[in-house]
Amino acid sequence: MVLPSRDVKRVCVFCNKSGSRTEMTPVTKNPVNREVWYRKLGKTFKLNCEKSRYPYVCLSHFPAKKASSPRAQIYPYKNGRPHTRKVEESDTEDDSSTDEEGDLFTDPNYDIEDEYECEENKKSFKNIICNWNNLSPILSKCWNCLRNGKESSARASMRLQGAALHVSYDCVECGSNWKWSSSTFLDREGKQGQKQCEVNLDISVSVLSTGNAFTKIASLFDVLELPFISNRRYNKLIENVLEASVAKCFFSQRSEVLAIIKENSARENGVDLAGDGQFDSRGYSAVLCRFSIMDIKTKFLLDFEVCRKERGGNSIQLEKMGHKGCIVRLLQELKNLTNLDNPIKSLTTDRCVNLAQVMKDYPTIVHHFDSWHFIRSIRKDVAKVFKNIDSKNNLGNVVFDKVQSCCHSTNVESSSTRNHLDLTKKDHKKAFDVLLGIMTKPNRQRDIQNISPYFATSALESFHSVATSYLPKEHFFDKKGYDLRSKLACLHWNALQLDELSGRRKVEIEHQYYCKTKKKLVTKFRKTRPMNNWRKDIGQFAKEMVLVGCLSSDEEEIDEEVEARAAVEAEMYTSSNSP
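When the letters of the sequence shown are read in order and numbered with our numbering, they come out as residues 1 to 579.
Think of the hints as simulated: they come from the structure by calculation, not from any bench. Owing to the predicted nature of the structure, the values given are computational and were not obtained by experimental measurement. Certain hints may be false.
In silico DSS-like cross-links for lysine-lysine, where the CA-CA straight-line distance does not exceed 30 Å [claimed, not checked]:
(1) Lys-487 <-> Lys-520
(2) Lys-524 <-> Lys-299
(3) Lys-236 <-> Lys-126
What follows is a list of derived Cβ distance ranges for each label pair [claimed, not checked]:
(4) Gly-312 <-> Lys-345: 38 to 46 Å
(5) Pro-442 <-> Glu-263: 41 to 49 Å
(6) Tyr-514 <-> Pro-137: 52 to 60 Å
(7) Ala-156 <-> Gly-503: 50 to 58 Å
(8) Trp-178 <-> Ser-124: 28 to 36 Å
(9) Asn-133 <-> Asn-235: 44 to 52 Å
(10) Ser-255 <-> Pro-442: 44 to 52 Å
(11) Gly-503 <-> Tyr-454: 23 to 31 Å
(12) Phe-251 <-> Ile-451: 46 to 54 Å
(13) Ser-230 <-> Arg-529: 26 to 34 Å
C-beta atoms are modelled at their ideal positions from N, C-alpha and C, and glycine is treated no differently.
Start from the sequences and build out the full structure, keeping to the hints where you can.
See the structure below:
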């Protein structure tokens with residue numbers, strides 16, 4: 001099957017027509033130049049530009065020569081009306097010479113495309129990577145000697161503190177000394193001894209909040225020949241500072257989410273929720289499980305519970321334990337928040353028997369089953385017996401007609417070219433019996449009454465995909481670390497929903513791709529990049545905690561507990577090797 005070539009679509013902010021990206025040009029981001037565009041193209045154009053993050057204009061609104069070359073200097077048509085390019089217009093014509101108004105658009109060195117790319121790449125930054133050989137000659141110069149007309153170079157004494165570099169200089173000629181550090185210091189006022197470097201805290205926040213593994217980032221720094229913090233210091237920063245910072249950011253965001261849920265509950269007399277569990281590993285060897293509950297309308301993740309399997313326990317019971325603990329806490333919290341006796345109208349889950357048992361204790365909550373899981377179970381049963389069906393056609397590729405009515409009459413001509421089951425044929429009768437047996441299973445007949453016609457757990461599956469980037473199943477996490485990274489995943493997911501709800505995150509591209517599961521082209525929306533300000537908030541909370549003295553000692557200090565453990569291990573090793 002030949003797929004259509006990808007064509008990126010844009011909407012013109014002047015004429016509101018959709019067209020190919022190659023037939024458009026971005027509106028300048030320079031404030032001075034944009035005012036000229038506003039003056040020429042009118043108030044409606046200005047309003048549309050303010051609504052869009054990346055406004056585009058059709059090239060057809062420009063003179064012929066300018067529109068034919070996207071990389072050329074272009075500017076709006078003088079009278080503010082769209083310029084319709086005719087076939088007989090020559091590409092060598094340049095109607096822009098009629099513009100008598102001198103502005104930046106007539107500058108021959110002005111290139112709107114280049115300006116757009118520069119504006120996109122122009123970002124604020126606090127840290128840069130610099131080659132030490134380029135920086136060292138500048139830092140080693142003695143300014144006292146230079147003022148006296150002498151050329152001298154000082155001796156350098158370097159010391160690393162994690163990723164920070166501290167250098168002390170002594171001038172050979174005049175004896176002057178000075179110091180330079182690659183990072184500012186963070187600590188409470190009046191603290192004696194070594195202080196915490198800001199760059200070490202920034203790196204720890206960045207590694208944790210982006211869901212990366214410490215070893216991978218350490219390998220990256222090693223290849224780049226950059227200093228990096230030790231694993232022990234990183235874990236200490238997480239334990240003393242970052243855990244509390246993540247929790248503070250998590251509950252701050254959760255308060256904002258619950259305020260929106262409260263408004264929706266008052267308007268709709270309750271909320272409809274969806275719940276699903278995710279295990280920490282594939283197969284049946286899971287040790288941890290996180291059960292999450294989400295509001296279906298807003299797609300906000302409201303709460304989650306992490307459970308750990310006991311020694312010799314069964315991992316299948318983990319989802320039930322998480323659901324039981326989560327639903328009790330969330331129900332009570334919503335009652336206090338909304339002042340409703342029954343704030344949860346329904347809960348949609350998969351067809352887990354353990355979850356159905358728990359929901360029997362909550363008769364006021366309607367328990368629905370997700371339709372996708374129900375259909376998947378049918379597909380599994382069909383695939384299981386498919387090998388035993390003597391048929392030349394692949395049952396998975398059969399497309400059935402929709403049946404709206406059936407009169408059970410014979411000799412009725414039909415325009416459909418689809419094949420059908422003929423029970424007079426032996427192989428057809430065998431296939432029919434197999435399908436009938438699958439569809440008439442007692443559990444399936446019972447559960448079909450609870451299939452939700454409106455709600456699904458698809459948004460929760462999307463959240464699980466986001467959570468996997470913070471909790472990859474190839475790595476083992478203890479319960480404390482799993483809970484911490486689950487909070488990060490929840491922060492990430494809810495931040496995306498808040499951005500979409502406020503209009504900060506919009507659909508940027510609509511494209512099609514071939515879905516192997518559905519065997520057809522499906523449409524997917526690519527949205528603008530998320531802001532992820534919550535990561536910066538975690539870093540700010542962490543710095544505030546360091547400034548009030550929540551972090552102790554420097555990296556080289558060895559804890560008494562570690563020393564005691566080392567002494568005990570040394571004694572055990574000596575006694576085991578003694579004759």
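Each hint tested on the structure:
| no. | hint | result |
| --- | --- | --- |
| 1 | Lys-487 <-> Lys-520 | violated, 37 Å |
| 2 | Lys-524 <-> Lys-299 | holds, 18 Å |
| 3 | Lys-236 <-> Lys-126 | holds, 24 Å |
| 4 | Gly-312 <-> Lys-345: 38 to 46 Å | holds, 39 Å |
| 5 | Pro-442 <-> Glu-263: 41 to 49 Å | holds, 44 Å |
| 6 | Tyr-514 <-> Pro-137: 52 to 60 Å | holds, 57 Å |
| 7 | Ala-156 <-> Gly-503: 50 to 58 Å | holds, 53 Å |
| 8 | Trp-178 <-> Ser-124: 28 to 36 Å | holds, 29 Å |
| 9 | Asn-133 <-> Asn-235: 44 to 52 Å | violated, 33 Å |
| 10 | Ser-255 <-> Pro-442: 44 to 52 Å | holds, 46 Å |
| 11 | Gly-503 <-> Tyr-454: 23 to 31 Å | holds, 26 Å |
| 12 | Phe-251 <-> Ile-451: 46 to 54 Å | violated, 36 Å |
| 13 | Ser-230 <-> Arg-529: 26 to 34 Å | holds, 33 Å |
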